[in-house]
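Student: Spelled out from the first residue to the last, the chains are:
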Amino acid sequence: MKKTIMRRVLLTLTTAVVIFAPASFVIVRADDSLPKVSLNADNLGPRSIEELTSKVITRDYAFAWQTMVEALEQNRPDLLDGYFTGTAKQDLTQRIADQKKTDVRVRYLDHGHKLDAIFYSPAGDAMQLRDHANLEVNVMDGQKVIHSEQVNLQYIVLMTPGADRWLVRDLEVAPEAKH
Amino acid sequence: MRIFFPSLLVWIVTPIAMFAAEVHPPSQMSAGVSFSMPSSGGGQGTLYLIGPAHLSKRQVNLGTDIEVDGDEVERAGRYTVILCTDQCSASEFYVHPAGPDRLSLLVHPSRVPVSNPNAISAVAVVWDVYHNLELSPETVKFTVNPDEHTSLSEARTTNNGIAWIRLTSAAKSGVVKLEASVGKVSEIRVVQQVASDACNLRIRASSASKKIMVETDPVRDCSGNFVPDGTVVSFTMTDSAGKTTVDVPIKRGVAKVEMPAHGRARITAASGVVTGNELDLGGGE
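Residue numbers (this note's numbering), protein chains in the order written: chain P, 1 to 179; chain F, 1001 to 1285.
Possibly wrong hints are sitting among the right ones.
[Unchecked claim] Pairs of lysine to aspartate or glutamate residues, derived as DMTMM-like cross-links and limited to a Cα-Cα distance of at most 25 Å, are as follows:
(1) F:1141 x P:125
(2) P:36 x P:141
(3) P:144 x P:131
(4) F:1057 x P:42
(5) F:1243 x F:1280
(6) P:144 x F:1280
(7) P:101 x F:1067
(8) F:1184 x F:1247
(9) P:100 x P:78
(10) P:100 x F:1072
(11) F:1177 x P:131
Calculated from the structure, these hints are not laboratory results.
Model the full structure from these sequences, guided by the hints.
Tutor: Laid out in structure tokens, this is it:
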């Protein structure tokens, strides 16, 4: 009797592990692949940022980078639809088209972003941010790595709200200001 | 022996590294401008040019100047040039925006009540001809034309390509043109200034055959502008039968209603937060 109960308990536990383990694995993977993004809005103006907006901006910018890295890695411009619009989307779409044409690919390893929110329009319809990005960039011709570098880049980012998220509208690397 | 082999390797590798072909782009340049980069070495090599919206690969003759077309560097930002022979060497350069050529002007709201402090906001974003955000400071002039004869201007310097201003709506209703300009480029938006809430709401009544006709005077705001048609005026009559409220939209400047008369009655009117005068009537008999 005891053996039967033990067997049933073991069977139930094994089934639970088999069912739930892949789900938790996916969640962990998703969190792991999302780049780290922190936001500083201390000097933001003229509109002050709402707490929810600051969370959404941080989340959506992280998703934007995640999808951009994947789009460039897999030569898939459709991945840009979720978090890019305007010139930012046009530029990346063109880059992917050029990648397909040349069989050259740029691969990013994203080590995180420190965002400074610098402008939030009075009507809340545009936000400008300065991103201090830490990246490892690998350029591949076919399967061969022809160039690899570790860079700290300063991006000037313009984001505008969409239906349920903020979209990257303009993404421009600016030289670091010399003091 | 342990020291000898690494040293030998250094002696062999160093001259090879010294003679790796290199390309020397200018450190920075303007968007859309063709340029040439001197290269070192001999024979042929492969040149890769990678920018924000561009990626190209081509064979080049080493030891000559390598030409780069303006259309390869239209987008501002960081470019990487990689030159490969047996080995690859890389260098970078920055492309700056080509100077102000376009303006995006965001004006909110498009319809605003008169005499409302800081109610209108205008944000101007300055771009170059290739739609690069013009990051260097530029002076944007905001001009308001409340009517044909008046014009008010104020200048603002852009910060990272953006300049903005807040404006108070005028006391008189009507269309106001808001213009932003930088250099020879300008953009205009139109804001409709509408009357504010009703002010000094006054009603009058006349009775005829068991009915009371109640009518407002022309409904205006405190600046004397006509409150737009469609604005609701609520008429409330209190008599022996109880309280009756009728909502009536303003039509051609006035709101009017016909109510049944049951002896003595008190009639009031309200629009938004404004209440008008009270009328005491003796009945329709």
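Student: If a hint holds in the structure, say so; if it does not, say that too.
Tutor: Hint by hint, here is what the structure shows:
Using a Cα cut-off of 25 Å, the hinted pair residue 1141 of chain F and residue 125 of chain P holds, with the two alpha carbons roughly 21 Å apart. Distance restraint check for residue 36 of chain P and residue 141 of chain P: the Cα-Cα separation of roughly 28 Å exceeds the 25 Å cut-off, and the hinted pair is therefore not satisfied. Annotation: proposed proximity of residue 144 of chain P to residue 131 of chain P is violated, straight-line Cα distance about 30 Å (limit 25 Å). The straight-line distance between the Cα atoms of residue 1057 of chain F and residue 42 of chain P is roughly 44 Å, outside the 25 Å bound, and the hint therefore fails.
Only pairs whose Cα atoms come within 25 Å are accepted, and residue 1243 of chain F paired with residue 1280 of chain F is accepted, the gap being roughly 14 Å. Taking the CA atoms of residue 144 of chain P and residue 1280 of chain F, the gap is about 94 Å. The hint is violated against a cut of 25 Å. Among the hinted pairs, residue 101 of chain P with residue 1067 of chain F is consistent with the structure: their alpha-carbon atoms are about 21 Å apart, no more than 25 Å. Distance restraint check for residue 1184 of chain F and residue 1247 of chain F: the Cα-Cα separation of roughly 52 Å exceeds the 25 Å cut-off, and the hinted pair is therefore not satisfied.
Proximity of residue 100 of chain P to residue 78 of chain P is assessed by CA-CA distance (about 14 Å); at most 25 Å being required, the pair is judged to hold. Taking the CA atoms of residue 100 of chain P and residue 1072 of chain F, the gap is about 17 Å. The hint holds against a cut of 25 Å. About 36 Å separates the Cα atoms of residue 1177 of chain F and residue 131 of chain P, which puts this hinted pair outside 25 Å; it is violated.
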